[in-house]
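Undergrad: Using the hints, put the two standalone chains together into the complex.
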Amino acid sequence: MEFAFTGRPPLLQEVTLQVEAGDFILITGPSGSGKSTFLRILARFLTHTAGSVLFHGQPIEDHEAPQYRRRVAYLHQTPVVVDDTVRHNLLLPFSFKANQHRMVPSDDFLVKTLDTFLLDGLALDHPAKSLSGGQMQRLCLMRSVLLEPEIMLLDEPISALDHESRQAVEVVMETLCRNRRIAALAVSHQPLRVNCASRVFELKGARLARREPFLPHHSETREVSTGNA
Amino acid sequence: MSQSIVPISDAQLVLALLFIALAVAASLFYRLRLERDLLLGTLRTFLQLFVMGYALTFIFNFRNPLLVFSIYAVMISFAAWIVRDRIKEKAVSYFPPTLFSMLVSYSVVTALVTGVVIRSDPWWSPQYFIPIGGMVVGNSMNAIALTLERLFSELRTRRDEVEMKLSLGADYREASQDTFRNAMKAGMIPSINSMMGVGIVFIPGMMTGQILAGADPLVSVRYQIVVMLMLVGSTAISSFIVTVLVRRRCFGRAHELLLPPRSKNIS
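Protein sequences, first through last, are from chains U and E. Counting from 1, position 13 in the first sequence corresponds to residue 13 in our numbering; the numbering is continuous, with no gaps. Heads up: take any position in the second sequence, counting from 1, add 1000, and you land on our numbering.
Next up, chain E with everything else stripped away, as it sits in the complex (with noise of 0.2 Å):
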């Protein structure tokens, strides 16, 4: 049961600037001073989802399996500059190990989804494997941030606890085990919760797409089951290398604590 798409013309589209007429005319009335950034906002939607479209159309004519890997291993380093840009470290240097894990998990989950569940001939097809590896690159990029955040927010907080256990025989993976676990829950729990909200709370933006694109919300809905999965497998493979890689670096050759303390107090 697929319908045909209903297209948007230009000046439909053109009328859905007055819901940002409203939006300019209420900032104006409570004086909130949005209206440049709700303009902006405006242009670059418009700008950037417009290249991107024909950057898509121009993609999906692709018939060299490399060239398609090349815009993912792109798509894949951005992520990897937003996350740097959020976590802010200085004392580890962590950017190596988070381009090397989104690399590993995300190629691995994409390449799985697009070869053995939906099973798109060849498994490269631009079509699938570029549209299903933004969405776990943009999904799972927030996994990594939080997990990392959480990394080093905790092995400084514990910094007494860690060292307290390094002075009575540990090793850097035992002073540090509580830390690698909650690191890992922090990047887990997010797709874990929208696995239970998914349906009742929120309907993905995926599905809606699909639909209003004339999709049978049956199908949709597989798409969107292994696309829930996928985001699971994703963030937990993810969040494990990347918490492997960038703990052993908060250490020492001798497993003493790298990450200085927020307040220095040396006496």
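The following block holds chain U by itself, in its conformation from the complex (with noise of 0.2 Å):
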């Protein structure tokens, strides 16, 4: 897969790569490389402009885009909650059509979850744009899990985050990638402490290259791939 913004060179040049399910896939590359241009292509927020992306064997581009983002789920850098209470940001997808079929979560069952997230003890009824960066990145996770995406991608998920908040992530992510059929695909310049992240690769130079062998991790179904056509 390629892309280019137009008028300028490659940002992105023969990048190949195969999640699969569980997968916690980790690119790493200085500022600039197109780390979060890739994220946003997979989140269909641009379009690659060479090679093909495949959800599922079909190109991304032949699924509905809203059903598609809900399968795929991407999370902004900074962390984005509406002017409202806890829950109303937890319960707000559930509004939208795409997603309508699916059982709203009771107050119970996201009380519990809260805690799988460090949250606990936050009431729902908290005013959601009170909350620090590190509880805001929590709970916008959680908000994308439960509508049990296939795939994550995380956008710099501890970069603006205070060393504690950092910590608190990063056990939540481990604990999503081990216990969860969710795949992940977090883009970060800084290292991120997880230890399950099944492959590493850089992004230098407009390529995507391996940086650490692969760890033995489990992996079942194919997932996405992205390549040329």
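Keep in mind the hints are simulated off the structure, nothing from the lab. Errors might be hidden in some of the hints.
[Unchecked claim] Chain U stretches covered by chain E per the calculated footprint, using a threshold of three residues with CB under 8 Å from any CB of chain E:
1) 93 to 104
2) 141 to 148
[Said to hold, decoys possible] Cross-link-like lysine-lysine pairs, in silico, DSBU-like; alpha carbons within 35 Å at most:
3) K1185/E to K204/U
4) K129/U to K112/U
5) K129/U to K1090/E
6) K97/U to K112/U
7) K129/U to K97/U
8) K1088/E to K129/U
9) K112/U to K1088/E
10) K1090/E to K97/U
11) K1088/E to K1185/E
12) K112/U to K1090/E
13) K1090/E to K1185/E
[Said to hold, decoys possible] Quick list of the computed label-pair ranges, beta carbon to beta carbon:
14) S95/U to L1229/E: 51 to 61 Å
15) S132/U to P1260/E: 54 to 64 Å
16) K112/U to P1261/E: 49 to 59 Å
Just so you know, even glycine gets a beta-carbon here, dropped at the ideal spot from N, CA and C.
TA: Following this line, the structure appears as structure tokens:
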């Protein structure tokens, strides 16, 4: 897969990557190397200029965008919440047509799940905008996970956080990675201490290169693959 | 109770130039450097209004509806160009939907007013259709510009929120619902506010004109009420159509937001 902004040299060239169920892939690289652009292409906020991106063997363009984005969840670099309660933020996606067939989680379930995301003790009526950066990031992670996505695209998940919040987010990501069948693709210019990362890549000079040897990890179904057509 | 109109002679018109002389004197005294603009403005006022007067005298004699509608279409096209110059948005092509929404909403409202409310005979009679249409175009053009300005600026400033909702499975309508409402409100509020202040804070220009021309104030009031209501209607319809059409153009096939952020920060 390749990508270039109009009138500019290619930002991504001959990028080939296959993501499988349960994978935790970490992509590092200097600022401006195209890491976020790569994730935004997978989230369909940008369109690749050559090659192909497949989801379950079909070009991503063939999938209905709202349905696709529920299955391939993208998390912004800075957590985004609406000016309302924690509950409202968590249930917001269930008001969208693409998610209306899904059962709306009960308050009990939400409170239990808040524990998993190290947000225990947080009241559902608490205003979301008054949370700390780390709490907001975990709330956003939880909001996406409630929709049971197949892949999560995490754009610099810890870069805007202080040391303590970083550790909390790393713990949550590792828990997610170990306990759920969600694949994750995280980009970060800082080292992420997630022990279960199955593969680490570096994006440099528009190309994606494997940085560390592959660590054996459970994988069954092919989920997303990008490559040159 | 209709009195005959007092005509203004050429000499009286020249006398009115004394007001400009006063303004020029003030500009010279306080070194405001507005003399050139004042003189040019005065010249243009005379020239443009006399040309319009002769044009209207000519147009009012039209007996062909197609000619009347052509004149109206030209007026709307000019208004759409003015909106285009004011907005200056490059990422999204909004001129065709703007022109379309103006044509539809203004024509419908003007035709309803002349045909159903005033019941001029024929309903396209240029003496009614063109001035009333002109008022609709002039006032509602501003509403469309305000609507588009708000739509583009909010989609940019709330970009993260829009993308967050898209990321959670929203379609472009769901992701931009608040912006849609705010853009429509921005277009409609000025005409609603003017309904609040009319008759207390200001006497509308059209009514003043009619009264000066010798019309019964109570007749003028009725015309003015129709004008105020029609402006609210035309701003509502045009703001709605333009927001629906232009909002769709702000999003791509995958419902992705096409408006780039103000400062690009791509890594």
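Undergrad: So, for every hint listed, does it hold in this structure?
TA: Verification of the hints:
Only residues whose C-beta sits within less than 8 Å of a C-beta in chain E count toward coverage, and the segment 93 to 104 of chain U has 6 of them, enough to reach three; the restraint holds. Residue count for the segment 141 to 148 of chain U with a Cβ under 8 Å from a Cβ of chain E: 3. That meets the three needed, and the coverage hint holds. Only pairs whose Cα atoms come within 35 Å are accepted, and K1185/E paired with K204/U is rejected, the gap being roughly 47 Å. For the hint pairing K129/U with K112/U, the CA-to-CA distance comes to about 21 Å; that is within 35 Å, so the pair holds.
For the given pair, K129/U sits about 33 Å from K1090/E by alpha-carbon distance, which is consistent with the 35 Å threshold. Pair hint K97/U plus K112/U holds up; C-alpha atoms about 26 Å apart against a cutoff of 35 Å. Distance check on the hinted pair: K129/U and K97/U sit about 25 Å apart at the alpha-carbon level, within 35 Å; holds. Restraint check: the Cα-Cα separation between K1088/E and K129/U comes to about 34 Å, which is no more than 35 Å; the hinted pair holds.
Between K112/U and K1088/E the alpha-carbon distance is near 51 Å, which puts this suggested pair outside the 35 Å criterion. Annotation: proposed proximity of K1090/E to K97/U holds, straight-line Cα distance about 31 Å (limit 35 Å). For the given pair, K1088/E sits about 21 Å from K1185/E by alpha-carbon distance, which is consistent with the 35 Å threshold. With a C-alpha separation of about 48 Å, the suggested pair K112/U and K1090/E falls outside the 35 Å cut-off, and the hint is violated.
Between K1090/E and K1185/E, the direct Cα distance comes to roughly 24 Å. Compliance with the 35 Å bound is thereby established for this hinted pair. The hint said 51 to 61 Å for the Cβ distance between S95/U and L1229/E, and at roughly 36 Å that hint is violated. About 30 Å separates the C-beta atoms of S132/U and P1260/E, a value inconsistent with the hinted range of 54 to 64 Å. Remark: the range hint 49 to 59 Å for K112/U to P1261/E is contradicted by a beta-carbon distance near 38 Å.
The earlier numbered hints that this structure contradicts are 3, 9, 12, 14, 15, 16.
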